[in-house]
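Novice: Chains as they are written, first to last, in our numbering: chain G, 35 to 301; chain E, 35 to 301.
Honestly, the hints are just simulated from the structure, not real lab data. Warning: the hint list may mix true and false statements.
Given that identical chains are not distinguished, each listed pair holds provided it fits within a single copy or across any two copies.
Claimed, not checked - Under the rule of at most 25 Å between Cα atoms (straight-line distance), these lysine-lysine pairs were calculated in the PhoX-like manner:
| id | residue 1 | residue 2 |
| --- | --- | --- |
| 1 | Lys169 | Lys241 |
| 2 | Lys56 | Lys241 |
| 3 | Lys294 | Lys168 |
| 4 | Lys266 | Lys241 |
| 5 | Lys241 | Lys294 |
| 6 | Lys218 | Lys56 |
| 7 | Lys137 | Lys169 |
Bear in mind that the values here come from a model prediction, so they are computed numbers and not experimental data.
Letter by letter, the chains look like this.
Protein chains: 2
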Amino acid sequence: MIIIGEKINGAIPSVAKAIAEKDADFIRDLARSQSEAGANFIDVCASVDVSVEMETMKWLIDLVQDVTETPIAVDSPSAEICAEALKLCNRPGLVNSVSMEGKKIDLIFPVIADTKWECAALLCDDTGIPKSGKKRLEVFAAIMEKAKEYNIDPSRLHIDPLVEMLCTSEEGINIILDVIREIKKQYPTIHVTGGASNISFNLPARKFVNQAFIVLAMSAGMDSAIINPLHKHMMGLIYATEALIGMDEYCMEFIGGYRKGLFGPVK
Amino acid sequence: MIIIGEKINGAIPSVAKAIAEKDADFIRDLARSQSEAGANFIDVCASVDVSVEMETMKWLIDLVQDVTETPIAVDSPSAEICAEALKLCNRPGLVNSVSMEGKKIDLIFPVIADTKWECAALLCDDTGIPKSGKKRLEVFAAIMEKAKEYNIDPSRLHIDPLVEMLCTSEEGINIILDVIREIKKQYPTIHVTGGASNISFNLPARKFVNQAFIVLAMSAGMDSAIINPLHKHMMGLIYATEALIGMDEYCMEFIGGYRKGLFGPVK
Chain G
35 MIIIGEKING AIPSVAKAIA EKDADFIRDL ARSQSEAGAN FIDVCASVDV
85 SVEMETMKWL IDLVQDVTET PIAVDSPSAE ICAEALKLCN RPGLVNSVSM
135 EGKKIDLIFP VIADTKWECA ALLCDDTGIP KSGKKRLEVF AAIMEKAKEY
185 NIDPSRLHID PLVEMLCTSE EGINIILDVI REIKKQYPTI HVTGGASNIS
235 FNLPARKFVN QAFIVLAMSA GMDSAIINPL HKHMMGLIYA TEALIGMDEY
285 CMEFIGGYRK GLFGPVK
Chain E
35 MIIIGEKING AIPSVAKAIA EKDADFIRDL ARSQSEAGAN FIDVCASVDV
85 SVEMETMKWL IDLVQDVTET PIAVDSPSAE ICAEALKLCN RPGLVNSVSM
135 EGKKIDLIFP VIADTKWECA ALLCDDTGIP KSGKKRLEVF AAIMEKAKEY
185 NIDPSRLHID PLVEMLCTSE EGINIILDVI REIKKQYPTI HVTGGASNIS
235 FNLPARKFVN QAFIVLAMSA GMDSAIINPL HKHMMGLIYA TEALIGMDEY
285 CMEFIGGYRK GLFGPVK
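Looking at chain G on its own, in the form it has when it is part of the complex (with noise of 0.2 Å):
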């Protein structure tokens, strides 16, 4: 599983504080912690007024880079400055995210088509978040289009199948677990990612939704999540589940990640 560390947000009102105060050890902290809880990318988003967004993304990208070598993702609703902000990070990261919508995959995938950048992408475009699976799939088969167009391997794409909040679904994920399926299918190297909170949106007892979606996302080939590593009951889930899906070998990462304290005893 790859894990995206999505805790350094401005949208966090403890990390919104930090930036407010230039508080470079909290944020330094963030971007350690996470690196040796497994993450495999930091995901770094300034949530700031555009006017200002550049600048933090520098100061943010530049803290964590002092403490890890983790790649980062980059992660802003402008194309522009995952485009810009891309070009300070020390190796190739995750650019977080492109769609459909307007000019961001052709801002950005010329800018990483001859790197080793990967890249998030969103089946949503100008008409907004697709109410059904087909459709969605044809938003992914536009992305694959430009990603032929632009020489960028499956293999560098995270599909974000854009999961919508459960409370108002009558059949559950199934729509969604299709489509994870549905892309595994035509492009087997290929990533599927998302956050695990969306799901969850207007219900109580969130965390159980949470990790249960993770849990069967997973199983429909979900292999990329954007979550807080620090969690150690979802990342000790995440481990279970890829041994239970058969990508763990005699359980091997599961015992090693256990042994390096990622999860732990559990009540």
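Chain G is fixed; fit chain E onto it per the hints.
Specialist: For chain E alone, kept in the frame of chain G given last:
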């Protein structure tokens, strides 16, 4: 999800102590608390020497029936004990269990044929636990032949595919998930059950494996489980999974379970 509350079992040291000391209140509390936590059956397993098993079963069954109307799962390796014990129950429950081993089915099925008793059936026979999925399905077919012979409707059966420990597996639980899917495909009204803990034998941090296993097995069609209903994290994941797999429209049961305190907030 049908919850078979597992806590009244003489194999658990505190219960063995209560049996030895005739601590009736301890047993009554276990029955009451599991019932309040949402158990659909209260499993009663003496796990004592055969010479005193029947009298112990009677003592336990009477105590459970003192405090709750939740049906009992009479649980013994001996079909004779099960057949005797079920007569002590005030209302139909679950026989736990039969298999194609020895004469178990031919002892139990005639006794429950014209009743509303349900029955757990393990997919093993006199040669032990089958290694392959194919062989498990052959044992299943033999059980269903017997069910037909004794006129036991599939909806009264809880088939336990017998999950083996993950740590010796090279491909996870894919075989078992396929067996579960096939069973439900052949008999949509049948129940598929199982314990949550065999899977994690010999592993550290077992609860992660148990929890992820239940989520995955539910997505394949498991709709009954022998678990501890007082374990709030497991119960939260079960309720969440029901909603995620489309068995709980608009999450009404999930929200109701939360309000009843069956799981509650989680860190």
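Novice: Indicate, hint by hint, whether the structure satisfies it.
Specialist: Against the structure, the hints:
no., hint, in the structure
1, Lys169 - Lys241, "neither (29 Å within a copy, 39 Å between copies)"
2, Lys56 - Lys241, "neither (31 Å within a copy, 41 Å between copies)"
3, Lys294 - Lys168, "neither (42 Å within a copy, 38 Å between copies)"
4, Lys266 - Lys241, "both (12 Å within a copy, 12 Å between copies)"
5, Lys241 - Lys294, "both (24 Å within a copy, 17 Å between copies)"
6, Lys218 - Lys56, "neither (42 Å within a copy, 58 Å between copies)"
7, Lys137 - Lys169, "within (20 Å within a copy, 56 Å between copies)"
The earlier numbered hints that this structure contradicts are 1, 2, 3, 6.
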